[in-house]
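Number of protein chains: 2
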Amino acid sequence: MTDSKHAAKYKLTRGVTIWFTGLPSSGKSTIARNLERLLRQQEIKVELLDGDVIRTNLSRGLGFSKEDRDANIKRIGFVCHLLARNGVAAIVSAVSPYREARDSNRRLIGSFVEIYVRASVEKCQERDVKGLYQKAKDGLIKGFTGVDDPYEEPLDPDVVCDTERESPEESLVKVLNRLETLGYLSSEETAK
Amino acid sequence: MTDSKHAAKYKLTRGVTIWFTGLPSSGKSTIARNLERLLRQQEIKVELLDGDVIRTNLSRGLGFSKEDRDANIKRIGFVCHLLARNGVAAIVSAVSPYREARDSNRRLIGSFVEIYVRASVEKCQERDVKGLYQKAKDGLIKGFTGVDDPYEEPLDPDVVCDTERESPEESLVKVLNRLETLGYLSSEETAK
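So the sequence lines, in the order shown, correspond to chains A and B. According to the numbering used here, the residues represented by the first sequence are 1 to 192, in order. According to the numbering used here, the residues represented by the second sequence are 1001 to 1192, in order.
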């Protein structure tokens, strides 16, 4: 199934924001980067806004208070809105722990696909890709999502990627299928 | 000439950032809005980032220190970069008083057209569209460009709009002609 999907030729029918949310180390960026690469290979207009890009270019000076986090998510939403309404697939990978901030972006943008990248806090702490959970446990970081700040799960996400049970490849296929079902991607199967 | 230009059918050949810089009340926003309207009428993908849009959506919390102004201009430049490389005409209207910040955006974006909207400080103070010069003279605003903060003129702008001598309509035609000469717009004259 994976192979046949990868032989598909995709077209983007209209601009869209594809928003990956989940705990730190849940696996958001891996799936988001794979999606970006695949869409780009298909000559689809795509931009990936991930944590580093955002902190450097949009949100320098913002911290991790609820107010600053909300400002950060709104700002990313504004940029996605500009991109999506001009026919671009804007991909975001951001913890974005607060439900209301994500929902507010959905209302603003309209063409908004929410991908919940799910893994238990225990599993994420075990992975601890950037060593941040350890720092939070040691008290070196305050207000860290999953340690001493809440993560509010999406109530009705468009896709759930369960990264404790699925490979990144399987998650990517789920996302692609959903984008197709929702009418953002159209595919033609090509002979291999 | 104006009329014949307005009968032209324009196409955008590639994404571009069209950056209007000049003193407060120099007339940037008027020309920028007219340009936006005209391009949109021609079904060209266009976004206008003017002062209000920027302050609300990108730069809340930034002040008027040199550091904050530079951060603001860089941030706008980043968004324009994303838009322009996806085929959009990104129009900016911002005082953007520091030469190095503007030049840094030109280097980042590449497809960058700098429009210097020129009027004397005296004339701008006389117009004082938002009443800000008066506030600055009364000491209610500190670091106001043209009063107690410098404006660094572009050394080699792509267009100079002299709003003390030209009508907004004449300035718009100069901008359109330059965009055409630079290869961003192509036009077909249509029968009237």
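Just so you know, these hints were derived from the structure itself, not from any lab. Hints may be right or wrong, so weigh each one.
Here are the simulated lysine to aspartate or glutamate pairs, EDC-like style, with alpha carbons at most 20 Å apart [to be verified]:
hint	chain 1	residue 1	chain 2	residue 2
1	A	LYS11	A	GLU122
2	A	LYS137	A	GLU122
3	B	LYS1045	A	ASP52
4	A	LYS74	B	GLU1180
5	A	LYS45	B	GLU1180
6	A	LYS11	A	GLU43
7	A	LYS9	A	GLU36
8	B	LYS1074	B	ASP1050
9	B	LYS1074	A	ASP52
10	A	LYS9	A	ASP148
11	A	LYS74	A	GLU153
12	A	LYS74	B	GLU1122
13	A	LYS66	A	ASP148
14	B	LYS1009	B	GLU1180
15	A	LYS130	A	ASP103
16	B	LYS1130	B	ASP1052
17	B	LYS1074	A	GLU188
Just a sample of chain A residues kept apart from chain B, beta carbon distances all over 10 Å, derived [to be verified]:
hint	residue
18	LYS45
19	GLU47
20	GLY61
21	LYS74
22	PHE144
Even glycine gets a Cβ: it sits at the ideal position worked out from N, Cα and C.
Pairwise hint evaluation, ASP148/A against LYS9/A, where the allowed Cα distance is 20 Å at most: 44 Å, violated
Proposed proximity, ASP52/A with LYS1045/B (alpha carbon, max 20 Å): 28 Å, violated
LYS74/A paired with GLU153/A [C-alpha distance capped at 20 Å]: 18 Å, holds
Straight-line alpha-carbon gap LYS130/A to ASP103/A, limit 20 Å: 28 Å, violated
Pair hint outcome, LYS74/A versus GLU1122/B [Cα-Cα no greater than 20 Å]: With a Cα-Cα distance of about 39 Å, the restraint between LYS74/A and GLU1122/B is violated, given a limit of 20 Å.
Pair hint LYS74/A and GLU1180/B, alpha-carbon separation not exceeding 20 Å: Outside the cut-off at roughly 36 Å; violated.
Restraint status (C-alpha distance of LYS11/A to GLU43/A at most 20 Å): The given pair, whose Cα atoms are some 8 Å apart, holds under the 20 Å limit.
Hint consistency between LYS1074/B and GLU188/A [alpha-carbon to alpha-carbon, up to 20 Å]: 41 Å, violated
Hinted pair LYS45/A and GLU1180/B, Cα distance within 20 Å: Between LYS45/A and GLU1180/B the Cα gap is close to 25 Å, so the pair fails against 20 Å, i.e. violated.
10 Å cut-off, C-beta based - GLU47/A kept clear of every residue in chain B: 6 Å, violated
Holds or violated: LYS11/A to GLU122/A, with C-alpha atoms at most 20 Å apart: Answer violated: LYS11/A to GLU122/A is near 39 Å, above 20 Å.
Non-interface claim for LYS45/A versus chain B (Cβ beyond 10 Å): 5 Å, violated
Hint compliance for this structure: hints 1, 3, 4, 5, 10, 12, 15, 17, 18, 19, 20, 21 are broken, all remaining hints hold.
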